[in-house]
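In this note's numbering, the protein residues as written are 1 to 138.
There may be inaccurate statements among the hints.
[Unchecked claim] Listed below are the simulated DSS-like cross-link pairs for lysine-lysine, each with C-alpha atoms no more than 30 angstroms apart in a straight line: (1) 93 - 35; (2) 51 - 92; (3) 65 - 92; (4) 67 - 52; (5) 67 - 6; (6) 51 - 6; (7) 67 - 92; (8) 41 - 52; (9) 65 - 52; (10) 41 - 29; (11) 135 - 125; (12) 51 - 94; (13) 135 - 93.
[As the list claims (entries may be wrong)] Label pairs and their in silico Cβ distance ranges: (14) 62 - 133: 17 to 27 angstroms; (15) 62 - 136: 20 to 30 angstroms; (16) 115 - 38: 17 to 27 angstroms; (17) 8 - 74: 17 to 27 angstroms; (18) 93 - 56: 23 to 33 angstroms; (19) 55 - 120: 35 to 45 angstroms; (20) 124 - 6: 17 to 27 angstroms; (21) 19 - 92: 35 to 45 angstroms; (22) 135 - 21: 18 to 28 angstroms; (23) 28 - 61: 14 to 24 angstroms; (24) 56 - 12: 20 to 30 angstroms.
Hints are computed from structural coordinates only; laboratory data are not their basis.
Quick caveat, the model's predicted, so the values are computed rather than measured.
Using N, Cα and C, we set each Cβ at its ideal position, and we do this for glycine too.
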Amino acid sequence: MENNWKLPDYKTIRYTLNTSNNWHQLQSKPDRFNKLPDELKIRPVMCPRMKKQAENLIEGHTVNKRKTFFTGLSTTHFQNLYFGDDGYNQPKKKSFILFHFLTDQSVLICYFFNEYTPPATLREKFIDTFRQSLKQNK
């Protein structure tokens with residue numbers, strides 16, 4: 001990936017932590033965007049097999065015995081920045097998601113790349129390039 005590489009389109013979704021129930025509640029999202037639920041909760045991974053990929057999960061509520069959203073929070077080489085995908089609900093058309101927690105964990109910003117997942121070998125470079133583009137657009 002070169003520096004002039006064009007990043008795919010993405011959506012920015014913002015949540016704030018409700019400290020009374022420990023759910024991150026939706027604060028803002030693009031119009032007609034419905035790929036992430038209105039509330040998300042972080043919890044530790046219990047399954048030993050999954051712990052190899054992520055220490056924590058982020059999930060939505062259960063509706064009709066199925067999670068509205070579910071993914072592991074895989075670490076990046078940046079503090080408070082994690083990645084996952086929506087493969088639980090969309091296994092054939094996975095979308096890459098970056099989860100950025102502000103320092104005190106009270107705000108969660110999700111960057112949702114619809115139907116795009118960078119190859120594992122280029123993931124770190126993709127994340128670096130994306131972070132740089134955010135800094136340049138401020």
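Hint by hint, here is what the structure shows:
1. For the proposed pair residue 93 and residue 35, the alpha carbon gap of about 12 angstroms is at most 30 angstroms, so the pair holds.
2. In summary, the hint linking residue 51 to residue 92 is supported, as the alpha carbons are separated by about 23 angstroms, within the 30 angstroms threshold.
3. For the hint pairing residue 65 with residue 92, the CA-to-CA distance comes to about 21 angstroms; that is within 30 angstroms, so the pair holds.
4. The hinted pair formed by residue 67 and residue 52 meets the criterion: a straight-line CA distance of about 22 angstroms does not exceed 30 angstroms.
5. In summary, the hint linking residue 67 to residue 6 is not supported, as the alpha carbons are separated by about 33 angstroms, beyond the 30 angstroms threshold.
6. A C-alpha spacing of about 33 angstroms is found between residue 51 and residue 6, which places the hinted pair above 30 angstroms, so the restraint is violated.
7. For the suggested pair residue 67 and residue 92, the alpha carbons sit about 17 angstroms apart, so the restraint of at most 30 angstroms is met.
8. About 20 angstroms separates the Cα atoms of residue 41 and residue 52, which keeps this hinted pair within 30 angstroms; it holds.
9. Between the alpha carbons of residue 65 and residue 52 the distance comes to roughly 26 angstroms, so the proposed pair stays at or under 30 angstroms and holds.
10. Distance check on the hinted pair: residue 41 and residue 29 sit about 17 angstroms apart at the alpha-carbon level, within 30 angstroms; holds.
11. Taking the CA atoms of residue 135 and residue 125, the gap is about 15 angstroms. The hint holds against a cut of 30 angstroms.
12. A threshold of 30 angstroms between alpha carbons decides the hint, and for residue 51 with residue 94 the separation of about 21 angstroms falls inside it, so the pair holds.
13. As the CA atoms of residue 135 and residue 93 are separated by approximately 29 angstroms, the hinted pair is consistent with the 30 angstroms bound.
14. For residue 62 paired with residue 133, a C-beta distance near 36 angstroms fails the hint of 17 to 27 angstroms.
15. Look at residue 62 against residue 136: about 40 angstroms separates their beta carbons, and that is not inside 20 to 30 angstroms.
16. In this structure the hint that residue 115 and residue 38 lie 17 to 27 angstroms apart at CB holds, the actual value being about 22 angstroms.
17. For the pair residue 8 and residue 74, the beta carbons lie near 19 angstroms from each other, so the given range of 17 to 27 angstroms is met.
18. Between residue 93 and residue 56, the C-beta spacing of about 25 angstroms keeps the proposed range 23 to 33 angstroms intact.
19. For residue 55 paired with residue 120, a C-beta distance near 19 angstroms fails the hint of 35 to 45 angstroms.
20. Evaluation of the 17 to 27 angstroms hint for residue 124 and residue 6 yields a pass: the beta carbon distance comes to about 18 angstroms.
21. Taking the beta carbon of each, residue 19 and residue 92 are about 37 angstroms apart, inside 35 to 45 angstroms as hinted.
22. The hinted range of 18 to 28 angstroms is not satisfied by residue 135 and residue 21, whose Cβ atoms lie roughly 34 angstroms apart.
23. Range check, residue 28 to residue 61: about 20 angstroms between beta-carbon atoms, so the 14 to 24 angstroms window is met.
24. Evaluation of the 20 to 30 angstroms hint for residue 56 and residue 12 yields a pass: the beta carbon distance comes to about 21 angstroms.
Checked against the numbered hints above, the structure breaks hints 5, 6, 14, 15, 19 and 22 and satisfies the rest.
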